[in-house]
Amino acid sequence: MTVSIKVRYFASLKELLGRAEDTLEFDQALSIADVWVKTTGSKVMPNNTLAALNMEYVALDCVIADGDEVAFFPPVTGGQYD
Amino acid sequence: MIKIVPEEFDPFAEVQAYQKKQQALSGKYGATNIFVGTMRDFNEGELVKGMTLEHYPGMTEKQLDAVVQEARQQWALLDALVIHRVGDVFPDDVLVLVAVWSVHRGDAFDASRFIMEALKSKVPFWKKEILADDESRWVAKNTEGYL
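In the order they appear, the protein sequences are chains A and B.
If you read the first sequence in numbering that gives the first Met the number 0, its first letter stands for residue 0, the second for the next number, and so on.
If you read the second sequence in numbering that gives the first Met the number 0, its first letter stands for residue 0, the second for the next number, and so on.
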């Protein structure tokens, strides 16, 4: 069964990727880290990138489900990006 | 109450209007602590002529609400009002208001400080500064809240 999620990017990460969001369809269990690889291809995730699942902070190994909203963004102002 | 606003606001008028509406506060509060954060025209040794405040609609409110709830669990607050500006801002614009009401001053002082510091580290807001030469840069460093 194919399921679909929305992936959003904010601030400097949005500029780095050149877009604010993606829709990702998949048919196997994916972690947040897998989502990054599938949507950004070969882009290395900047250090200190934060991830959210349905608007709550989560670790990169968290597994997603159909209809979820995933977001990636830099530390909130003014947390330090390395 | 929490508000994210895209336009200029008068923090003192907001506090007065809110306080007047909260009938439950009447006769009960002995302390009101008001913190107002305002945009400077300098940062990291450079002149700054404007700034864009980006946020994550939905998550920003959710995390801000969680910060206020955490404060209410730690201190005996009667009420709290937090207003944060988003969008394009300029020097002297008010960026944030944190107002808390309590019976005694200790809770008001401490909870207000906690809310501001937690907001800075947990709530999704990002600042992009426009410098005097029209170059822009993302703010990557918080000023120290405590010395």
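FYI, nobody ran anything at the bench for these hints, they're computed from the structure.
One should not assume that every hint holds.
As the list claims (entries may be wrong) - Listed below are several chain A residues computed to face chain B (Cβ distance under 10 Å; list not exhaustive):
(1) 7
(2) 11
(3) 14
(4) 51
(5) 56
(6) 66
(7) 72
(8) 75
We put the beta carbon where it would ideally sit given N, CA and C, even for glycine.
Hints violated by the structure (listed by number, smallest first)
Violated hint (a single one): 6; every other hint is consistent with the structure.
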